[in-house]
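Here is what each chain is made of, one letter per residue.
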Amino acid sequence: MADPRFYDNHGPMALADLAGAIGAEVHHSGTATSVHDVSDIHAVRAGELCYVVKRPLIAALAAKPGAVVLTTPAFAPECAALGLSVLQHADPLAAFARAAQTFYPVAGRALGPAGNDRIDPTARLGNNVTVEFGAVIGPQADIGDNTYIAANAVIGRGVCIGRNGFIGPNASVIYALLGDRVIVHGGVRIGSDGFGYASSPAGHAKIPQLGRVIVQDDVEIGANSCIDRGALGDTTIGEGTKIDNLVQIGHNDTIGRRVILVAQVGLSGSVNVGDWAVLGGKVGVADHVDIGPGTRVAAKAGVSRDLAAGQDYAGFPAQPAALWRREVATLRRLTKGQKRRDE
Amino acid sequence: MADPRFYDNHGPMALADLAGAIGAEVHHSGTATSVHDVSDIHAVRAGELCYVVKRPLIAALAAKPGAVVLTTPAFAPECAALGLSVLQHADPLAAFARAAQTFYPVAGRALGPAGNDRIDPTARLGNNVTVEFGAVIGPQADIGDNTYIAANAVIGRGVCIGRNGFIGPNASVIYALLGDRVIVHGGVRIGSDGFGYASSPAGHAKIPQLGRVIVQDDVEIGANSCIDRGALGDTTIGEGTKIDNLVQIGHNDTIGRRVILVAQVGLSGSVNVGDWAVLGGKVGVADHVDIGPGTRVAAKAGVSRDLAAGQDYAGFPAQPAALWRREVATLRRLTKGQKRRDE
Amino acid sequence: MADPRFYDNHGPMALADLAGAIGAEVHHSGTATSVHDVSDIHAVRAGELCYVVKRPLIAALAAKPGAVVLTTPAFAPECAALGLSVLQHADPLAAFARAAQTFYPVAGRALGPAGNDRIDPTARLGNNVTVEFGAVIGPQADIGDNTYIAANAVIGRGVCIGRNGFIGPNASVIYALLGDRVIVHGGVRIGSDGFGYASSPAGHAKIPQLGRVIVQDDVEIGANSCIDRGALGDTTIGEGTKIDNLVQIGHNDTIGRRVILVAQVGLSGSVNVGDWAVLGGKVGVADHVDIGPGTRVAAKAGVSRDLAAGQDYAGFPAQPAALWRREVATLRRLTKGQKRRDE
Chain R
192 MADPRFYDNH GPMALADLAG AIGAEVHHSG TATSVHDVSD IHAVRAGELC
242 YVVKRPLIAA LAAKPGAVVL TTPAFAPECA ALGLSVLQHA DPLAAFARAA
292 QTFYPVAGRA LGPAGNDRID PTARLGNNVT VEFGAVIGPQ ADIGDNTYIA
342 ANAVIGRGVC IGRNGFIGPN ASVIYALLGD RVIVHGGVRI GSDGFGYASS
392 PAGHAKIPQL GRVIVQDDVE IGANSCIDRG ALGDTTIGEG TKIDNLVQIG
442 HNDTIGRRVI LVAQVGLSGS VNVGDWAVLG GKVGVADHVD IGPGTRVAAK
492 AGVSRDLAAG QDYAGFPAQP AALWRREVAT LRRLTKGQKR RDE
Chain Y
192 MADPRFYDNH GPMALADLAG AIGAEVHHSG TATSVHDVSD IHAVRAGELC
242 YVVKRPLIAA LAAKPGAVVL TTPAFAPECA ALGLSVLQHA DPLAAFARAA
292 QTFYPVAGRA LGPAGNDRID PTARLGNNVT VEFGAVIGPQ ADIGDNTYIA
342 ANAVIGRGVC IGRNGFIGPN ASVIYALLGD RVIVHGGVRI GSDGFGYASS
392 PAGHAKIPQL GRVIVQDDVE IGANSCIDRG ALGDTTIGEG TKIDNLVQIG
442 HNDTIGRRVI LVAQVGLSGS VNVGDWAVLG GKVGVADHVD IGPGTRVAAK
492 AGVSRDLAAG QDYAGFPAQP AALWRREVAT LRRLTKGQKR RDE
Chain S
192 MADPRFYDNH GPMALADLAG AIGAEVHHSG TATSVHDVSD IHAVRAGELC
242 YVVKRPLIAA LAAKPGAVVL TTPAFAPECA ALGLSVLQHA DPLAAFARAA
292 QTFYPVAGRA LGPAGNDRID PTARLGNNVT VEFGAVIGPQ ADIGDNTYIA
342 ANAVIGRGVC IGRNGFIGPN ASVIYALLGD RVIVHGGVRI GSDGFGYASS
392 PAGHAKIPQL GRVIVQDDVE IGANSCIDRG ALGDTTIGEG TKIDNLVQIG
442 HNDTIGRRVI LVAQVGLSGS VNVGDWAVLG GKVGVADHVD IGPGTRVAAK
492 AGVSRDLAAG QDYAGFPAQP AALWRREVAT LRRLTKGQKR RDE
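Residue numbers (the working numbering), protein chains in the order written: chain R, 192 to 534; chain Y, 192 to 534; chain S, 192 to 534.
Among the hints, a few may not be true.
DSS-like mimics (lysine-lysine), calculated; alpha carbons at most 27 Å apart, straight line [stated by the list, open to error]:
| id | chain 1 | residue 1 | chain 2 | residue 2 |
| --- | --- | --- | --- | --- |
| 1 | S | Lys527 | R | Lys527 |
| 2 | Y | Lys527 | R | Lys527 |
| 3 | Y | Lys527 | S | Lys527 |
Think of the hints as simulated: they come from the structure by calculation, not from any bench. In this text, all values refer to a predicted model and were calculated from it rather than measured experimentally.
Extracted from the complex, chain R is given alone in its bound form (with noise of 0.2 Å):
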C-alpha cells in the first residue's frame, strides 16, 4: 500500500518466511501463501498484512478476501473463521512493526539526490521554475509551472509540487504531494515521521512510517511548523486552509477546507478537523477527536472529545465557550466570597 514514488518495497515473502521473520506463528493459512506488502485494516488487499486488537473491527475483514491478519491468539480462531490466513503473536503490533520494517528496512531514508547533482538529473521542472542556490531536488520529484524553491530547501524524492508555489528558504518536503499555489514558509517540515511506537517492557519499537501528506491547493503553512505524513495512508490538509507558525500536525490528521490553525496549535494524530474551523493559538487536540465543520476553538483550549459542528469551544477540557466563561467568572466570585470568610 505505501507508494512506490516514496517507498521501496523488499516483499514479497512466503507467509511461513514472514512468520518466522517476526517471531508469529501461522494459525491459519487460508488462500494468501504469500505476503507482499503491509496495510491497515480498512484498505487491505489480498496478499497484504494487517493486525487487529480490538475484538469490534474483526467484522470488517469479512470484506477482504485473501488479507493476511496478525493478531492476539485469542482472536486467531475468529479471524482464520472469515476465511483469511492468520498469523497470531502475543503482541501484534509489536510484530506488524517488524513486518513492516522487513518490507521497507530503509523508509525514512533515501530523500535527495543520489548522485553529486543538487538537483537529480530525474527530477522533472516544469517552465519557469526557480532553484535557488542550496535548494537540492531529490529524483522523481516533480516541480509545476512558475513555482519558487527558496535558498537551501530539500525537496525529497518523488515529491509532486503543483503550479505557483512557494516553498521557503530551509524548509524540507518529504513523502508529499502538493497542489497548486501551495505556499511553504521558511524551516516548515512537511513528511516527517509520526510519532508511532509498539511500547513493551523492552523498550519503545519503532513503528515505520510508510504514508505520505496530502497538501491540496491554496493551502498556507507558516514558518517552523511541521505535518507529519500518515503511518499508513495519509496526513491530510484541505485546500484554501491556513496553517500560522510552529503548529504540529500529527500522523493521519485530515484536515478540512479553508480551517484556520493559529500559531502553535499542536494536533496528536488521527484527528479530525472540518470544514471552515478555526483553532485559535496554542490549541491542543488529543488523538482522534473530531471537530466539526464551522466549530471556533479558543486560543489555549485542550480539546479531548469531539467537538460539534458551529459551536465555538474554550476552555480545558474543552466546553461550550459560554459554559468556561461563566465557570471563570463563579471562580472569582468563589474566590472573594472565600477572602471575606477568612477576613
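Given the coordinates of chain R, assemble chains Y and S onto it according to the supplied hints.
Coordinates of chains Y and S only, in the frame set by chain R:
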C-alpha cells in the same frame, strides 16, 4: 511605503485603472489621479492607498491630503467630504489585499542570489566576516565587521546585519535589519510572512505582507523561533531583549528593550511588550494587547487584555498572580469540601 | 572543564590578571596562583574557577583543594577559611560570565569547515556513510558506519555520531555526542546555547554556554525540536527515549531512559525526568524540577514542583490526576448551582 530594498513596486497606476483591477468603484476622485503605493491609515501619504473600515478612524484621514482611501459605500461620503480620493467596495480589506498584490505581485519571493553564486556579487561583506559552507547571501545584503554566518544559513536580499553578530546554522533572515552583536541561533526564521487574510465565504484571501523586522543591538534569539515581518510597517525587537527557543512573534509586534521571552511563548499580531517585561514559558498573548513595562507574566498564562506596568500576573485569563494563587487554593478547598459532602 | 573537542581554551591566566579582567578583587590568594578554566561548584578542580552565591553550597568546596572561588564579599571569609583562592565581586554571576567569556571568547562559533570543503578533511566517516548534497560536516567530526546525513544538515566541529544513525534534512547537531541508532528528524537543533544571563540594571549579560549534549543509543527526536547544550556540564537524553516534534529541552536537563515526550513539551533548565516517564503534549516543566520514574503527566499540564514516581498527574499547577478531574467536576457543578441562584 514598502521598503524598496526588499520590495519592487510595480506602480503607479491611474486611479480608475486601480479601481478596475480590484473591483472597486471610484466614489470621489479628489486630487489624486494616480496611486503609486499602498500604506496603512496612520502612515499614508499623498498618492498612496489605504483602507478604513472603522468610523472612528476616518478622522485621522483629515491630516492626509492627497491620500486615496478605500472604504465601504456607507463611509465613502464621509471620506469624500475630507477632499480625499475615495474608492468604495463592499469588502474593503479584500479589495486592499488585491491592490497590494497588484503593486507587489512577488512579495515574499526573490530572496537569494539570482545567479549561480552563493554570495551574491552585489552583497557587501565587512572585514573579517565568516560565511561558512552552504550559507547563502542575497543581493544588496550588507554584513558588518566580524559577523559570523554559520553553515546553510540564508540571508535574504537587502538584509542588513551589524557588527559582531552570529547567524546560526540553517537560520534564515529575510526582510530584516539587525543591529550590532545580535545572536540568531540555528533554525530561526526572521521575516516570514505574517498571518493575515481577508476572509469571506469564498475563502481566506492572502493579504500581502510588505513590512520588515527591526532587531536592535544585543538581541539574542533562540533556536527555531519565528519573528514575522510587519504587514505594513515593522515588527520591532528592542535593544538587549533575549528570546528563548521556539517562540512565536507575530506581525507588527513591538517588543521593548531588555525584555525576556522564555521558550514557547506565543505573541499574536500587534502586541506591545514594555521594556524589562518578563514572559514565562508558554505564555500566550492575544492580538493588540499591551503589556506594561517591568511586568512579569508567569509561565503558561494566557493574556487577553492589557496588563498594567510593574505587576505580576498569572493564569488564564491572566490576572494578578496573588489572585490566581487564591483561586487555585479556593478550588482545591471547595473540591475537598465537595468530597466530604458526597461521602 | 569545557570539552576541548568543542571549545578552545584561551587560558591560563594569573589570578591577579583574571581578577582585573573581570572587575573582581583578590580576597585570598590560596594555593592557586593561576587559573586555567571555569567550572561549576560540583565539578571544579584545582586551578579552575567556580562561583558560589548560596551559603549552603560553600561546604561542598571543602573537598576541592586548589579550586578558585568567586563569591560575594559577605561569603569570601568563609571560603578563604577553607584554604581556597577567593575572588570577590558584588555580582559573582556577572563576573563569572565575564571570566567564561575571557577563557572562551568564541564559544558558540566555529562550527563548520574552515575551508572550502563541505566535508572537512579532518572529519572521520565510517563505512557506508551517506552524506547527501548540501550537508556540511565540521572538523574532527566522527560519523559511524551506515549513518545517513540528509541534505543540508549541519554537523558541527567535534561532533560524534554512532552507527546506523539518521540526521534529517536541515537539522543541525553541534557540541554533541550521539550514540548508535539515533534518529534526528528534519530541522532539529541539538546543541544550541542554553538561555542563561546574569541580569542587572544594566541589562542581561550572556553567560557563555560551555557544555555538551549527550544522546544515548536508540533515541529518536522529532522534527524542529530543540535540545540546548549544558551551561557547564551536559544535557543528557537517556537510551531509548522518544521525543516528538517541536519539543524544547533546556540546558542541563537529564532525561532518563525510555521516556516519552509528546509534541510541544517544554522543559526549563536542570529538569530531571525519570526512566519510563511519559509527558503528554504541551506539558511545561519549571526549572530544577524532578519527575519520578514511571510517572505520567497528562497533556497541557504545568509542573512547578517535584512529582513522585509512578503516579498520574494533570492540570496546572500539576496535581494527582484524580484530584484534577474532581476539581474540574466541582467547578462545573458550582457554576451550574450559581446559575440557578442567579435565575
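Outcome of the hint check:
Distance hint between lysine 527 of chain S and lysine 527 of chain R is fulfilled; the C-alpha atoms sit about 18 Å from each other, no more than 27 Å. Proposed proximity of lysine 527 of chain Y and lysine 527 of chain R is supported: the alpha carbons are some 18 Å apart, at most 27 Å. Among the hinted pairs, lysine 527 of chain Y with lysine 527 of chain S is consistent with the structure: their alpha-carbon atoms are about 18 Å apart, no more than 27 Å.
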